[in-house]
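Asker: Sequence:
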Amino acid sequence: VGAILSMTGNYAALGDSEKKALDLEVKRINDAGGVAGRKLELIIEDDATDEAKAVSAAAKLLEQDKVVAIIGASGTGQSMAIRGDVDRAGVPQLSMAGGNAITAKLDPLVFQTPWPNKLVVPFVLKRMKEKGFTKIGVMTDTGGYGKDGLAIIKEEAPKLGIAIVSEQTFNPNDTDMTAQLTKIKGSEAQAVLIWSASKDATTVLKNSQQIGLKLPFFGGSGQARTQFVEGAGTAANGFEFGTGKILLPESWGKETPEYKAAADFISRYEAAYSAKPDIFAGHAYDAVWILADALKRTEGDTDPAKLRDAIEQTKDMVGMGGKFTFSASDHNGLTENDLFMYRVENGAWVPAR
23 VGAILSMTGN YAALGDSEKK ALDLEVKRIN DAGGVAGRKL ELIIEDDATD
73 EAKAVSAAAK LLEQDKVVAI IGASGTGQSM AIRGDVDRAG VPQLSMAGGN
123 AITAKLDPLV FQTPWPNKLV VPFVLKRMKE KGFTKIGVMT DTGGYGKDGL
173 AIIKEEAPKL GIAIVSEQTF NPNDTDMTAQ LTKIKGSEAQ AVLIWSASKD
223 ATTVLKNSQQ IGLKLPFFGG SGQARTQFVE GAGTAANGFE FGTGKILLPE
273 SWGKETPEYK AAADFISRYE AAYSAKPDIF AGHAYDAVWI LADALKRTEG
323 DTDPAKLRDA IEQTKDMVGM GGKFTFSASD HNGLTENDLF MYRVENGAWV
373 PAR
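According to the working numbering, the sequence shown is numbered sequentially starting from 23.
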């Protein structure tokens, strides 16, 4: 099994969490005897958060290592970049990126474990509308996830009666965003929506604090990590974001299979790494278990067509993202019911009230 992760570069924090989860779950599967009596061999390649390197990694995994499936990539741009290689090889891909484009235009071979932007964007916008915000500023990065998110924001906001009064972008690795934020400050914006998976999204909040921009800030899955909260410091207080329930698994309800699976994974992850898993670790968990479940149903047959069909037939698979049910028309299988709104208070996330 090949995995293309952003172990270095702008998405390194994502790749680190994903690798830890993949290592942990592959070991668990193999220690229990593997799948259909065969052990999983995980071959990880680093794409350095670069689309060209992702393509090179895919070529190696498919042509040299002859992998039966690819888990990855971490980022939307990288996941889209390898699609041509995946299609030519006829090998299934389980992306761990949240861009809507990954599964919106259905590719028979491509599946997706995170909640796509088409679910998360309207979920967050509805929260903003509930709080009375009808004029917003938008800050998105110029990477694949940010561009994808911006397109969905511009599509969904008008449906809710929300006007975008200031639309700003920033590049990955930008260190100063005061110019864009000053424009938002001078607009009629009542709140600001950040859409980015970049580590530099923390700069948005810090610069806002520095220029006295005191509007409420909102975001999505890209900010659902301790590095974002810690990096932004006191500027993150009050920040609200929408993502999955793994960060507070009791939000599922303690009698649910999702809560029980999450509690088990969190316990084992903490024991191995002395840290709680984030949503990105959850995406990796879901990818490897969806694949293992499919291989079990093919009785270990790795014929690409049979494996692809088995993945597409995934039904009620309990994971960290929710309960997955794929179909010929849906290669994500999650719903808005799998999402939850959080608020940052004093360096920790709590339920948004």
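Mixed in with the good hints, there may be bad ones.
Claimed, not checked - Below 20 Å or equal to it, Euclidean Cα-Cα: the simulated SDA-like pairs (lysine to any residue) are:
1) K207 to S188
2) K205 to L235
3) K75 to L62
4) K328 to K157
5) K276 to K205
6) K176 to D196
7) K82 to L62
8) K151 to K328
9) K328 to T347
10) K345 to G55
11) K345 to F362
Unchecked claim - Quick list of the computed label-pair ranges, beta carbon to beta carbon:
12) T357 to N259: 29 to 37 Å
13) D129 to N52: 23 to 31 Å
14) K236 to K148: 36 to 44 Å
15) T278 to K298: 47 to 55 Å
None of these hints come from the bench; they were simulated from the model. Bear in mind that the values here come from a model prediction, so they are computed numbers and not experimental data. Glycine residues also receive a C-beta, built at the ideal position from the N, C-alpha and C atoms.
Asker: All hints are to be evaluated individually against the structure, with a verdict given for each.
Answerer: Now the hints, each set against the structure:
1. Of the pairs offered as hints, the one joining K207 and S188 holds, with about 9 Å between alpha carbons and a cut-off of 20 Å not exceeded.
2. Proximity of K205 to L235 is assessed by CA-CA distance (about 10 Å); at most 20 Å being required, the pair is judged to hold.
3. Distance hint between K75 and L62 is unfulfilled; the C-alpha atoms sit about 25 Å from each other, more than 20 Å.
4. In summary, the hint linking K328 to K157 is not supported, as the alpha carbons are separated by about 50 Å, beyond the 20 Å threshold.
5. Taken as a hint, the K276 and K205 pair is broken in the structure, with Cα atoms around 45 Å apart against an allowance of 20 Å.
6. Among the hinted pairs, K176 with D196 is inconsistent with the structure: their alpha-carbon atoms are about 24 Å apart, more than 20 Å.
7. A hinted pair counts as satisfied when its Cα atoms are at most 20 Å apart, and K82 with L62 qualifies at roughly 18 Å.
8. Restraint check for K151 and K328: the C-alpha separation of about 45 Å exceeds 20 Å, so the hint is violated.
9. For the hint linking K328 to T347, the alpha-carbon distance of about 18 Å falls within 20 Å, and the restraint holds.
10. About 25 Å separates the Cα atoms of K345 and G55, which puts this hinted pair outside 20 Å; it is violated.
11. Restraint check for K345 and F362: satisfied, since their Cα atoms lie roughly 14 Å apart, inside the 20 Å limit.
12. For T357 and N259, the hinted distance range of 29 to 37 Å is satisfied, since their beta carbons lie about 31 Å from each other.
13. Checked against the hint of 23 to 31 Å, the C-beta distance between D129 and N52 comes to roughly 30 Å, which is consistent with it.
14. In this structure the hint that K236 and K148 lie 36 to 44 Å apart at CB is violated, the actual value being about 23 Å.
15. Taking the beta carbon of each, T278 and K298 are about 19 Å apart, not inside 47 to 55 Å as hinted.
Figure legend: structure checked against the earlier numbered hints; hints not met, in rising order: 3, 4, 5, 6, 8, 10, 14 and 15.
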